[in-house]
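Based on the provided sequences and hints, a complete structural model is requested.
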Amino acid sequence: MTNDTVANNKSSAGSQAAKIALDGLWKNNPALVQLLGLCPLLGVSSSVVNALGLGIATMLVVMGSNVAVSLIRHQVTDAIRLPVFVMIIASFTTCIELLMQAYTYELYRILGIFIPLIVTNCIILGRADAFASRNPVLPAAFDGLMMGTGFAVILVLLGALRELIGQGTLFSGMDLLLGPIAADWTITVIANYKQFLFAILPPGAFVFMGFLIAIKNIIDRRLEERRKSLQPVTAKVSKRVRVTGNV
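Residues in the sequence shown are numbered consecutively from 1, following the working numbering.
No wet-lab data here; the hints were simulated from the structure.
It is possible that some hints are incorrect.
Derived DEER-like restraints, expressed as beta-carbon distance ranges [to be verified]:
hint	residue 1	residue 2	range
1	I190	V137	46 to 52 Å
2	R109	N192	27 to 33 Å
3	A214	A191	26 to 32 Å
4	A90	Q231	47 to 53 Å
5	Q231	C95	47 to 53 Å
Just so you know, even glycine gets a beta-carbon here, dropped at the ideal spot from N, CA and C.
Listed below in structure tokens is the structure:
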């Protein structure tokens with residue numbers, strides 16, 4: 001293999017990784033663009049700790065299932081593909097559930113049914129079928145990481161907005177996830193704040209989610225307008241038409 005071939009392979013792998021990262025974090029974000037996983041996204045994002053706990057759990061399941069599906073992609077036939085994928089996702093979800101019961105039991109009780117419902121999250125099955133079943137292990141794992149991170153970032157951002165406007169605090173109860181080291185992480189942004197119940201309840205989550213989607217669309221539109229403005233303008237060339245014959 002020549003040096004040029006190695007360089008081309010590295011360049012191709014780098015461009016693929018960049019595309020996967022950009023898709024997962026922004027252009028094809030599962031929460032903002034695909035609008036998948038809205039049930040847990042809106043149901044448990046009332047605080048940063050709840051959102052972060054579910055976001056990390058979902059990200060680990062996406063990565064694990066993508067790796068497993070990529071490893072067996074040549075051995076599974078189309079007839080049993082989807083049932084096998086669901087069994088793999090259910091196995092990783094069960095592992096995460098047992099780990100949360102062992103180490104973050106109070107947070108596990110707060111999240112409740114949304115942890116087992118990770119099995120039915122369309123993001124995980126969608127990436128397993130659309131990407132992991134058609135690509136090698138490393139790209140599949142990186143795709144799971146980026147898609148899971150993109151989902152978790154929006155989940156945490158939504159939780160921060162709802163906690164701030166609903167309770168006037170940030171990072172309240174982080175010890176439920178990180179242990180005693182995070183017991184004093186609570187930031188009281190507004191002292192003596194009376195709770196804004198609408199922001200804490202699910203209807204508030206719909207409103208804040210709509211604002212986040214609108215902000216992303218505005219940013220995308222301005223970036224597109226800027227890209228078009230930077231493109232060179234080609235001058236129009238006038239063509240002379242020669243007319244012959246009688247009218």
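Tested hints:
1. I190 - V137: 46 to 52 Å: 48 Å, holds
2. R109 - N192: 27 to 33 Å: 29 Å, holds
3. A214 - A191: 26 to 32 Å: 31 Å, holds
4. A90 - Q231: 47 to 53 Å: 49 Å, holds
5. Q231 - C95: 47 to 53 Å: 50 Å, holds
Violated hints for the displayed structure: none, as all numbered hints are satisfied.
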